[in-house]
Amino acid sequence: MQVKYLDLPRQFFGVNRRPEFDALFGAAQFILGPQVEEFEKRFAALHRVPYAVGVGSGTDALIIALKILGIGPGDEVITAPNSFIASAGAAVAVGARPTFADVAADYNIDPRKLEAAITPRTKAIIPVHLTGNPARMDAIMPIARKHNLAVVEDACQAVGASLDGKMVGSFGIGCFSLHPLKNLNVCGDGGMITTASSEVCEAAKLLRNHGLVNRNESAVFGLCSRLDTVQAQIGLFGLDALDGITAARIAHARLYDELLAPLAPHIVLPPRAPDAVQVFHTYVVQAERRDALMAFLADHGVETKIHYPIPIHLHKAAAHLGHKAGSFPVAEEQARRIVTLPVNQYVTDEQVRYVAATIAQFYHC
Amino acid sequence: MKVPFSYLSRQFANIKPYLAAITRLVRSGDFTLGYPVPAFEKNIRRITGARYCIGVNSGTDALILSLKAAGVGPGDEVITAANTFYATAGAIAAVGARPVFVDVNDSFLMDPALTEKAVTKKTRAIMPVHYMGLPADMRAFLDIAKRNKLIVIEDSCQALGASINGKSVGTFGLAGAFSFHPLKNLNVWGDAGAIVTNNAALAERLCKLRNHGLVHRDEIEFFGVNSRLDSLQAAVGNVLVRHFPEINRRKHVNAERYNAAFARLYPRVRLPRIDRGLVHSYHLYMLYAEKRDALLKFLIARGVEAKIHYPLPLHLQKASRVYGYKRGDFPVCEDQVRHYITLPVHQHLTNREVGFVIDSVAAFYGKGRAGACR
Numbered sequence: 488m489q490v491k492y493l494d495l496p497r498q499f500f501g502v503n504r505r506p507e508f509d510a511l512f513g514a515a516q517f518i519l520g521p522q523v524e525e526f527e528k529r530f531a532a533l534h535r536v537p538y539a540v541g542v543g544s545g546t547d548a549l550i551i552a553l554k555i556l557g558i559g560p561g562d563e564v565i566t567a568p569n570s571f572i573a574s575a576g577a578a579v580a581v582g583a584r585p586t587f588a589d590v591a592a593d594y595n596i597d598p599r600k601l602e603a604a605i606t607p608r609t610k611a612i613i614p615v616h617l618t619g620n621p622a623r624m625d626a627i628m629p630i631a632r633k634h635n636l637a638v639v640e641d642a643c644q645a646v647g648a649s650l651d652g653k654m655v656g657s658f659g660i661g662c663f664s665l666h667p668l669k670n671l672n673v674c675g676d677g678g679m680i681t682t683a684s685s686e687v688c689e690a691a692k693l694l695r696n697h698g699l700v701n702r703n704e705s706a707v708f709g710l711c712s713r714l715d716t717v718q719a720q721i722g723l724f725g726l727d728a729l730d731g732i733t734a735a736r737i738a739h740a741r742l743y744d745e746l747l748a749p750l751a752p753h754i755v756l757p758p759r760a761p762d763a764v765q766v767f768h769t770y771v772v773q774a775e776r777r778d779a780l781m782a783f784l785a786d787h788g789v790e791t792k793i794h795y796p797i798p799i800h801l802h803k804a805a806a807h808l809g810h811k812a813g814s815f816p817v818a819e820e821q822a823r824r825i826v827t828l829p830v831n832q833y834v835t836d837e838q839v840r841y842v843a844a845t846i847a848q849f850y851h852c
Numbered sequence: 178m179k180v181p182f183s184y185l186s187r188q189f190a191n192i193k194p195y196l197a198a199i200t201r202l203v204r205s206g207d208f209t210l211g212y213p214v215p216a217f218e219k220n221i222r223r224i225t226g227a228r229y230c231i232g233v234n235s236g237t238d239a240l241i242l243s244l245k246a247a248g249v250g251p252g253d254e255v256i257t258a259a260n261t262f263y264a265t266a267g268a269i270a271a272v273g274a275r276p277v278f279v280d281v282n283d284s285f286l287m288d289p290a291l292t293e294k295a296v297t298k299k300t301r302a303i304m305p306v307h308y309m310g311l312p313a314d315m316r317a318f319l320d321i322a323k324r325n326k327l328i329v330i331e332d333s334c335q336a337l338g339a340s341i342n343g344k345s346v347g348t349f350g351l352a353g354a355f356s357f358h359p360l361k362n363l364n365v366w367g368d369a370g371a372i373v374t375n376n377a378a379l380a381e382r383l384c385k386l387r388n389h390g391l392v393h394r395d396e397i398e399f400f401g402v403n404s405r406l407d408s409l410q411a412a413v414g415n416v417l418v419r420h421f422p423e424i425n426r427r428k429h430v431n432a433e434r435y436n437a438a439f440a441r442l443y444p445r446v447r448l449p450r451i452d453r454g455l456v457h458s459y460h461l462y463m464l465y466a467e468k469r470d471a472l473l474k475f476l477i478a479r480g481v482e483a484k485i486h487y488p489l490p491l492h493l494q495k496a497s498r499v500y501g502y503k504r505g506d507f508p509v510c511e512d513q514v515r516h517y518i519t520l521p522v523h524q525h526l527t528n529r530e531v532g533f534v535i536d537s538v539a540a541f542y543g544k545g546r547a548g549a550c551r
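Residue numbers (the working numbering), protein chains in the order written: chain A, 488 to 852; chain B, 178 to 551.
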């Protein structure tokens, strides 16, 4: 049996033949057309915040959020060492220094290790809702308040996730990605900023569009990071389908959990917090002899990935930050053991069972 | 008669070939740096003659990434024109450097002599702007750069197709930035840009810089940004590029008709000086006009959608306040912005529409039908 990691052609086939596109091309408002605003409104409603601002990518969402907060050279920003590199890259892009706090068994920043990472130069925390699982914002927000730090949520993998009923992206400034591999995806790069603050919303709208207050006046030199109208239209289609996508991913994850739990200690599942709604952008477990398992699965037609094999602080790019192997032992240990199984909405229960059975076969369970 | 400035609904009236290209892309699912991107980059290399082309998310990003890749950053000064689009200065500010403006000349372009005077110990780069699509004096700028050991990055965002003695703009300096914004000569359905260069090391760095610094999926060499030309936009560009020679030809035909007619309205209307050997892209067709505001009103009342690019120069924008510029710093530019007017020159104008624009301008100055000798 073949189990593909993802199936983009299946998702998007025929998208360009939908009648909504005729209207879009007729109006030819390719830059910040009405579809962008409509998408922003619906995205804000989904995350129960008053404002959402469409930008060029999830990375740009982080960069713009940091710029709005005035973070730049001389400042430090704490994030998770096991995230996609853009979480730290955004800090570097604004001239700040990324620092890290090690993660917990749920792959997210360990709040107990957060305070030790705070220095007098720390200006913000970027908790990452990795895999679509909300970081422990209930513990992180009080620490941020105590130390007067801004919070920028890297929710790039977590559209629709929530903690104790509160949506991700509504704790601090929320940064989302609409990259093709994401649960809510477009046919290219796209991103979204969510906020409860009208000032942050206005600042984001300025920064994404050259600082323009109108066609002829620039209040601040900004960037060019607009969500394309075409992509916003595709995002609107995606929003219609999102509940189904999320539900399918959650159902697959539950089935995996049930089938893989008996394989302990060969397979270790992350804890599933009862107050969290995880949206399973990725389904990640820790596995003994991970590389051999992946090869075995590949031989059996199952496509797996690693998110991510090298922690950020051990990349060549991070050499100047002065970390070394051992600096963040939990993240490093996980990086050697994690494997991502196919969990996309097109996977069937039968395929999930096949993947689990193949893993069991590998461990002779 | 209505003569619209925007022509996008005319241009994409037949979207079938574009949708076919997108259908193919969607079937592949290759949305991130997929196959249309290298094909588009090859098209731009062919048009410009540059050795390398790197597709990025916008013309602004093309400028930002060029500066970053060239190592320009905090503490550095970058000299550019006072009359350009915000993004030129915005890109300089975005990398933490300081934009230093200079006045323009009777071509509406950055003045080389004044540029040399603006060089300080902190100057790292000069960013000539091929404003409107008219090439800046690259020979002079390259000389200045050489004498002062400066990097040259060309803001060619309005100038694809423009050249100096047969050599494309964007290929004179270390890097050239192009934009494919919907209003540009070669345009796509959203934001898109590209950088051209003949420097292999810079090209390699830019390829990583636009994609998080990734060497491959799992390893980064340095922290980069996310500024990839969308495959979807590249697919649109690859269809449109077939029409690019015709777009240029039509714009030139229209512009030359304007030039001949408006030369007769001198000195009430003055054309920017275009030196021999220069090929204008006519992204914008701009004039220096007496009683500009009244002319603009008159034209708009007659249905001619004229514009001003741009009424407030960069140094007088609120965004520039931190740099301490004031009114009077760049008198030529400040005078020009009160007299500039931009007329529709796009490829979808009919001969009748071009004639109507000419007649309207002539009528405003009491000349009756332009072209009639008086």
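One should not assume that every hint holds.
What the hints assert, rightly or not - Result set (DSS-like, lysine-lysine): computed pairs, CA atoms no more than 25 Å apart in a straight line:
no.	chain 1	residue 1	chain 2	residue 2
1	B	Lys179	B	Lys468
2	A	Lys792	B	Lys385
3	A	Lys811	B	Lys385
4	B	Lys503	B	Lys544
5	B	Lys385	A	Lys803
What the hints assert, rightly or not - Derived Cβ-Cβ restraints for the label pairs, each shown as a range:
no.	chain 1	residue 1	chain 2	residue 2	range
6	A	Asp730	B	Lys193	55 to 63 Å
7	A	Gln489	B	Glu381	34 to 42 Å
8	A	Pro758	B	Gly501	33 to 41 Å
These are computed hints drawn from the structure, not numbers from a lab.
None of the values given here were measured: they were computed from a predicted structure.
Where is the CB? At the ideal position from N, CA and C, for every residue including glycine.
Now for the hints, and whether the structure bears them out:
1. Between Lys179/B and Lys468/B the alpha-carbon distance is near 22 Å, which keeps this suggested pair within the 25 Å criterion.
2. Distance hint between Lys792/A and Lys385/B is fulfilled; the C-alpha atoms sit about 22 Å from each other, no more than 25 Å.
3. Of the supplied pair hints, the one linking Lys811/A and Lys385/B holds, its CA atoms being roughly 24 Å apart against a limit of 25 Å.
4. Between Lys503/B and Lys544/B the CA atoms are separated by roughly 39 Å; this puts the pair beyond 25 Å, and the hint is violated.
5. With a C-alpha separation of about 13 Å, the suggested pair Lys385/B and Lys803/A falls inside the 25 Å cut-off, and the hint holds.
6. A beta carbon spacing of about 34 Å between Asp730/A and Lys193/B contradicts the range 55 to 63 Å that was offered as a hint.
7. About 36 Å separates the C-beta atoms of Gln489/A and Glu381/B, a value consistent with the hinted range of 34 to 42 Å.
8. Taking the beta carbon of each, Pro758/A and Gly501/B are about 56 Å apart, not inside 33 to 41 Å as hinted.
The earlier numbered hints that this structure contradicts are 4, 6, 8.
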